Every structure is written in C-alpha cells, then in structure tokens.
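**Q** The residues making up each chain are set out below.
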Amino acid sequence: MIELRDVHKSFGENHILRGVTLRVERGESIVVIGGSGSGKSVLLKHIIGLLEPDRGSVLIDSADLSRMDEDGLHEVRKKFGMLFQSAALFDSMKVWENVGFSLKRHTRMNDSEIRDVAVRKLGMVGLVGIEDVMPSQLSGGMRKRVGLARAIAMEPEILLYDEPTTGLDPIMADAINDLIIKMRETLHVTSVTITHDMKSAYKIADTIAMLYNGVIIARGTPAEIRNTSDPVVSQFIEGRAEGPIILEGIEK
Amino acid sequence: MIVRIIEFIGALLEGPLLGLGRIILLLGSTLKLMARPPFEMKSVVKQMLEIGVNSLPVVLITAVFTGMVLALQSYTGFKRFGAEGLVGTVVALSMTRELGPVLSALIVTGRAGAAIAAEVGTMRVTEQIDALEAMATNPVKYLVVPRFMSGIVMLPALAIVTDIVGILGGYVVSVLLLGTNSRSYLRATWDFLQVQDIYNGLVKACFFGAAFTLISCYKGFYTTGGAEGVGRATTGAVVYSSMTILISDYFLSAWLFK
Ligand SMILES: Nc1ncnc2c1ncn2[C@@H]1O[C@H](COP(=O)(O)OP(=O)(O)OP(=O)(O)O)[C@@H](O)[C@H]1O
Ligand SMILES: [Mg+2]
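As they're listed, the protein sequences go chains A and B. In terms of the working numbering, the first sequence opens at residue 1 and continues consecutively. In terms of the working numbering, the second sequence opens at residue 1001 and continues consecutively.
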C-alpha cells in the first residue's frame, strides 16, 4: 500500500507539489495524468524515496520513508521496480546486464541464470536477440522496453511506470498495456503509471488521478473520469487547447 | 553596514563551505562502506587498470624527462660552485620526496580524475544514479568506493615507478651525456637516500590518491545541468584536485619531513 500525505516539494522558487494526498491500495493499478511539467515524475520519485518531501510524508506499507535510515530505505526499495521516463539504462553495461542488475545484486543467481531470466523478460517486452547490444545502440522505444524489462526482472510487489508507452508505435503500445495488465493479474502487483496516452490509461487503470497545479484535483474509475463534469479534467482528457487550463506563452 | 559585510562574507563562503561539508560527508560514508561487504573486487580491479595501468605511459614519459632535466639543470648550476658530485643526491632526493608523488598525482588527476567526474556526472544527469538507488544499490558503495580504493593503491605504485624511472633518467644524462663517473654517481644517489624519504613520499601519494578520487567523484555526484554541467564538473574536478594536491603537498611535507 502506498500513501502520500500532504506532500509538498519545491525546487528553488518553483513550488511543484502543493499538498498531494493519494492512497493506492494493494493490488490497485492507478494511473496519474497531468500536464507536461506538472510534477508527475517528481511525484513518482517521492514514492520510491529518490526525492524527499519538503513537507508531508510518504508511507509504504504504513512505514514512513523519511523516518528510515539508508538500510531501511534499501530494504523497502527491494519491493519496487521502476521504469524511468528516460529509461536510465546503465550505458556501461550490455542490455542483459542492465535487465539482470538487481538479480546480480540481490540474489545468489550466477551469470548464466541471470542471462536466461533477462532474455525471458526481454521477450516479454518484444525484444529478441538484443541481449548483447549496448544501450547506446538502441532506439528510444527499445530503450524504454529494456527499462521495462529491468523494472519487472525481480517480479516486484510495486511497479512504478513513468510513461511506459511513450515513443512506441500503437501496436507495441497496446502490447505493453497488456503486459502491465498481466503483471497485475498474475503477480498482483500494485502499480502507479504515469501516462499522457488516454487510451492506455482507460485500459490499464483501476483508478485515474489527475495532478494539476500541484494537487490531485480528481480521482475516480476510468468511467467516472470519462464522464467527469470538471471542466479542467474534461479539457485534459479530450485534449482541447481551449478551456480553463492555460498554456503559458502559447498564443491563441 | 557591518551586517552587510558579514552577509557578504557569508554569501561568499556559503558555496565552498557547503562543498567542503559534502566532501567530508562523502568521505565518511566512503570509509564506512569500504569496510562492509560485498567488496566489489571486479569493480576495484577495473578501476585500478583505469587509474593505474592506463596512466602508465604518460607517467613514464614524464618521469624519465623530469629526471633527465633535473640532472642537467643541477649539473650546470652546481658546477658554478664545484658541487657536481651532488647531482645524484639531488635527483634521488627530489624524485622520491617530491616529484615522484606530486607529478604522478597531477598527471593521473588530469586523466583519470577528469574521466571519473565525466562518467559519474553523466550518470547523474541521465538518472543512472537514481536508477542505482531505485534498485536498492548504494551509489557511493557502487561508484565511489572502488575508485577511492584504486586511487589509494595505485598512486603510491605509480609514485614508485616515477621515482625509479626518474632516477634512471638522471643517471643516463649524468653518466652518458655529461660524463660523470658511474660509480661515484651511484654513490651520491644511495649514500644520502633514506628509507624515510621513499616512505614519506608514498604516504603523500596515498593521500593524493584519496583526495583526487574523492573530489572527482564528488564533482560528478553533484553535477546538474546536462552536458554543460558535466563539462563544468570535469574541469572543476581537475582544478580542485590539482590545487588540493599542490597545497596539501606543502603541509604534508612540513609535517612528514620535520
Ligand atoms: N531535480 C530537479 N531540479 C530542479 N527542478 C526540477 C527537478 N526535477 C523536476 N524539476 C522541475 O519540476 C517540474 C516538474 O517536473 P516533472 O519532471 O515532474 O514533470 P512531468 O509532470 O513529469 O512532465 P512530463 O510529462 O513532461 O514528463 C518541472 O518544472 C521541472 O523543471
Ligand atoms: Mg515526467
């Protein structure tokens, strides 16, 4: 279970999160939507303790991350798999070593076993025969999928996906949606997914939450969100340039 | 007015003091994590090759020419007061006490220090360090400790090589070019050289190895601002490491060679 209580975060003068409160139940799949630069990635990094809130708290299975020492935090992080928006692959390692990194660090498996697992996970994201390639030689969409394979390699309890389908063709994007659903159905993972892709959001979410002006302004099932009466939410999900959301600097 | 001045000084000192504080914290956690398993031996070996072995060619060239020019300069200088016999002593003492450790440290800093800052800095700005942490791996343990350990081991090793090759260079110039008698040159070299000279030189090298790896890792770790930031971190690492080596050299020498 993930719980954010009144989380505030500023970078210098830039007040990004202004009191985010959000609860994700065990086994729930929540999708967070929101404008570019609204702080979605920042929010995700708070959940795994990469960023510390200026105020408020983040609880994982009722344990407050800010009260933990380094070792405690590392124990909690072993429950997580995370796909970074930029994929964040280790560019000094081959693809299979990237995917198997956690296995290497946290299990007693030997290299050939790790490689086997890595190849299998890469197969799950539609990548075959690239295990010995260096990340710098991959396309953007391929890097994303390697990042995804790395996130699911340890079969974690909680998965954080930062824009898993961005940069993928529509068919591949849908296959990744199916993978995310399968992860929840077979492994009962709790997941937080960030996406701009509403089609994917409707498909994978139990709950959709919208981050706007630093707070969660709406939260509901896909059906509730789709039929919202909130003008901000409806403008966003329908992708209209006209409406209450102001795009700064863009002349109309 | 006085408040203003204090504020101004405070603002001026804030950056350096923050940096110093962070370096001390980094040193603390590096030392703590060094003693704790797993010992990333593979990583340590890789860094030793990177820092030590790959620096060897430049270090050798620098060492031999430094020894040679030292012999040449002291010969022509000392000749004015008839002390040519001491050239061997001067070369041996300068190389072991001073030039061996300091020159090799400066050269390795230019090569490996820059490389460390660039690599760690790139990992920072491309979120690879975040990814390490997200995968429950302490980045200080994984990145800093192996480099720090290699620095401590490899710089004394390189200093010894520099000592020997420098003394050889001095010998070649003195004996083969300037016609000094080989036996008396060697006598001059050995007679006044003490184990203390070599040992203290190595202590300094050890310190320099710790200093430049720590500063370079620190610069990489706190990189912000994309590719430009990595460039800044790299330059900063070389500048601050070199300054630290040169300044601490004086104080270490004053303390060690009382
Ligand atoms: N480490 C940081 N230092 C300073 N500012 C940051 C940092 N990380 C994020 N920000 C700022 O926080 C804001 C939100 O960033 P974030 O990456 O969370 O946006 P986002 O909602 O994920 O956008 P996108 O959909 O484009 O990925 C941005 O204005 C960004 O400049
Ligand atoms: Mg983002």
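The hints are simulated quantities; they were obtained by calculation from the structure and are not laboratory data. There could be a bad hint or two in this list.
What the hints assert, rightly or not - Non-contacting residues of chain B with respect to chain A, defined by C-beta distances greater than 10 Å in every case (computed):
(1) Ala1134
(2) Gly1179
(3) Gly1231
As the list claims (entries may be wrong) - Which chain B residues face chain A? A few, computed with CB under 10 Å, are given here:
(4) Pro1038
(5) Thr1126
(6) Gln1128
(7) Thr1137
(8) Glu1228
(9) Ser1242
(10) Thr1244
What the hints assert, rightly or not - Cβ pair distances, simulated, as ranges:
(11) Arg55/A <-> Leu1049/B: 42 to 52 Å
(12) Asn110/A <-> Thr1224/B: 50 to 60 Å
(13) Met134/A <-> Arg1232/B: 21 to 31 Å
(14) Val215/A <-> Val1053/B: 52 to 62 Å
(15) Leu1012/B <-> Gln137/A: 42 to 52 Å
(16) Gly1010/B <-> Asp111/A: 47 to 57 Å
(17) Gln1194/B <-> Gln137/A: 51 to 61 Å
(18) Phe1251/B <-> Gln137/A: 27 to 37 Å
Given the structure is predicted, the values throughout are model-derived calculations rather than measurements. Ideal placement from N, C-alpha and C gives every residue a C-beta, glycine not left out.
**Q** Which of the numbered hints are not met once you compare them with the structure shown?
**A** 1, 8, 9, 10, 12, 18
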